[in-house]
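Our numbering puts the sequence shown at residues 8 to 426.
In case anyone wonders, no lab produced these hints; they're calculated from the structure. Computed from a prediction, not measured in an experiment: that's the story for all the values here. Note that the Cβ used here is the ideal one computed from N, Cα and C, for glycine as well. Treat the hints with care, since some could be wrong.
Computed beta-carbon distance windows for the label pairs [said to hold, decoys possible]:
1. Lys237 x Gly379: 38 to 48 angstroms
2. Asn396 x Arg123: 29 to 39 angstroms
3. Lys166 x Lys95: 44 to 54 angstroms
4. Ser211 x Lys46: 46 to 56 angstroms
5. Asn396 x Val165: 17 to 27 angstroms
6. Gln31 x Glu81: 22 to 32 angstroms
7. Tyr145 x Ala105: 22 to 32 angstroms
8. Thr69 x Arg123: 22 to 32 angstroms
9. Glu246 x Asn396: 21 to 31 angstroms
10. Asp65 x Val259: 15 to 25 angstroms
11. Ser211 x Tyr145: 16 to 26 angstroms
12. Ala105 x Lys73: 15 to 25 angstroms
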Amino acid sequence: MTTEGGLRQCLTDLTRADTSGDYQKALQAANRIIRRYPKEQYAFKCKLVCLIQLGMYDDALTLLKKTPPNQMGECAFERAYIFYRLEKNDEALEALEACDPKDHRALELKAQLCYRLDRFQEAYEIFRDLLRNHSDSYDDERKANYLAVQAQLEAMGVKQQKNDDSETFEQLYNTACQLIEAGNFDAALTNLDKAIASCRETLSEEGLDEDEIEDELAMLRVQRAFVLHKMGRKKEAIEIYKALQAAGPSDVSVMVTVSNNMASALKDQSLTDSRKKLKAALQLDQKKLSTRQRRTLMLNNRRLHFAALHVIITNLHSTFHPVPPLDPRPPGRTRRFGYIVHSYFEKALVLLHSNQREPCRRALDELVGLFGTSKDSRLIEAALCFRLNEFEKAVNVCLCIFCSFLLTELFDSELMYGW
8 MTTEGGLRQC LTDLTRADTS GDYQKALQAA NRIIRRYPKE QYAFKCKLVC
58 LIQLGMYDDA LTLLKKTPPN QMGECAFERA YIFYRLEKND EALEALEACD
108 PKDHRALELK AQLCYRLDRF QEAYEIFRDL LRNHSDSYDD ERKANYLAVQ
158 AQLEAMGVKQ QKNDDSETFE QLYNTACQLI EAGNFDAALT NLDKAIASCR
208 ETLSEEGLDE DEIEDELAML RVQRAFVLHK MGRKKEAIEI YKALQAAGPS
258 DVSVMVTVSN NMASALKDQS LTDSRKKLKA ALQLDQKKLS TRQRRTLMLN
308 NRRLHFAALH VIITNLHSTF HPVPPLDPRP PGRTRRFGYI VHSYFEKALV
358 LLHSNQREPC RRALDELVGL FGTSKDSRLI EAALCFRLNE FEKAVNVCLC
408 IFCSFLLTEL FDSELMYGW
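Taking the hints into account, I'd like the entire structure generated from these sequences.
Set out below in structure tokens:
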């Protein structure tokens with residue numbers, strides 16, 4: 008009877024801790040039960056759930072591995088969720104295969120995994136089926152995720168039906184994202200303004216203070232700045248970016264976005280400042296960023312390097328040999344040849360600086376065709392490729408210049424060493 012009473016008291020403590028949401032106390036209660044009643048299956052499962060709720064995923068995985076299935080019971084979903092949180096995507100998908108195909112938790116998790124892995128069409132179909140066939144207290148969150156998937160599909164060129172029934176600020180935000188991908192910036196801005204107002208109202212009702220509310224609003228504000236930037240209202244966008252940068256929101260993805268977009272917005276004003284801001288973005292933790300965000304960040308970093316390269320190439324114009332003055336003496340073959348080369352070169356250079364891209368390309372082709380490739384012709388070609396957004400080709404041309412320079416320097420060094 009004492010044993011039964013002790014077990015009942017432990018279970019009561021566990022239930023009370025679970026009801027209050029105090030998972031640390033619940034974990035302690037589960038551990039007491041396991042120590043006193045090691046054959047009690049319920050306690051192991053409770054301990055697993057507590058570890059998950061406390062974010063102790065490595066410990067939860069260790070518990071799963073060392074506890075025999077007959078003691079732990081059925082935990083296919085919990086195993087999949089742990090792998091998901093540890094970002095072991097393949098293991099998570101494999102674990103989901105063991106789940107009941109009708110388990111809405113497993114379906115929800117699979118949709119989230121598909122979203123993470125850029126399998127947006129599959130995620131879309133799962134969320135759509137869940138919204139049609141299942142309803143619970145998470146419907147609003149589920150719809151917000153559904154809208155987020157639609158935004159990604161829109162970005163891929165798969166047209167989506169417009170949503171006019173968004174209610175929560177999460178839904179309004181994701182609808183705005185979809186409208187952004189469709190190029191409808193006016194409507195996106197309207198939805199974001201509604202989302203900001205709704206978010207502030209909702210969080211105020213939940214009892215959050217002003218600093219906490221502003222921290223939550225950071226994601227919406229940075230998206231609003233992005234829309235303003237795309238609409239050509241760059242000054243307003245920069246003001247929002249600066250305000251967010253000063254506030255220092257806790258969400259790392261917001262800070263990365265702010266630094267990246269500030270660099271993009273300021274690129275015409277200060278290349279050095281843009282490089283500093285982008286460098287700061289690259290140094291932040293990028294685990295919370297989507298594949299597309301990471302790709303954009305790296306692409307902007309690459310473009311900024313190209314911009315710096317373009318400035319260097321343009322500045323090199325001052326080092327080019329000018330057209331030599333006409334010699335009053337009858338030109339010999341060598342002097343006449345050099346003068347003709349410089350004439351073609353100057354023609355290509357003038358066309359480049361006057362932004363006549365195709366005529367410049369033709370003049371460059373003519374120069375190379377008549378006199379072969381030189382360092383100067385390659386410099387013009389690199390600058391032209393940059394202006395034509397042919398970044399890969401620009402890099403390859405610059406690498407040729409650089410390698411040629413290195414070989415020359417090495418050859419000269421060997422000669423000096425020989426002396």
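Hints and how they fare:
Against the hinted window of 38 to 48 angstroms, the Cβ-Cβ separation of lysine 237 and glycine 379 comes to about 45 angstroms, which satisfies the hint. The hinted range of 29 to 39 angstroms is satisfied by asparagine 396 and arginine 123, whose Cβ atoms lie roughly 31 angstroms apart. Remark: the range hint 44 to 54 angstroms for lysine 166 to lysine 95 is contradicted by a beta-carbon distance near 34 angstroms. Between serine 211 and lysine 46 the C-beta distance comes to about 50 angstroms, which sits within the given range of 46 to 56 angstroms.
Between asparagine 396 and valine 165 the CB atoms are about 25 angstroms apart, so this pair conforms to the stated range of 17 to 27 angstroms. A hinted range of 22 to 32 angstroms holds for the C-beta pair glutamine 31 and glutamate 81, which are about 25 angstroms apart. Against the hinted window of 22 to 32 angstroms, the Cβ-Cβ separation of tyrosine 145 and alanine 105 comes to about 23 angstroms, which satisfies the hint. At roughly 24 angstroms, the beta-carbon separation of threonine 69 and arginine 123 lies within the given 22 to 32 angstroms, and the hint holds.
The hinted range of 21 to 31 angstroms is satisfied by glutamate 246 and asparagine 396, whose Cβ atoms lie roughly 29 angstroms apart. With their beta carbons about 21 angstroms apart, aspartate 65 and valine 259 fall inside the hinted range of 15 to 25 angstroms. Separated by about 22 angstroms at the C-beta atoms, serine 211 and tyrosine 145 satisfy the suggested range of 16 to 26 angstroms. In this structure the hint that alanine 105 and lysine 73 lie 15 to 25 angstroms apart at CB holds, the actual value being about 19 angstroms.
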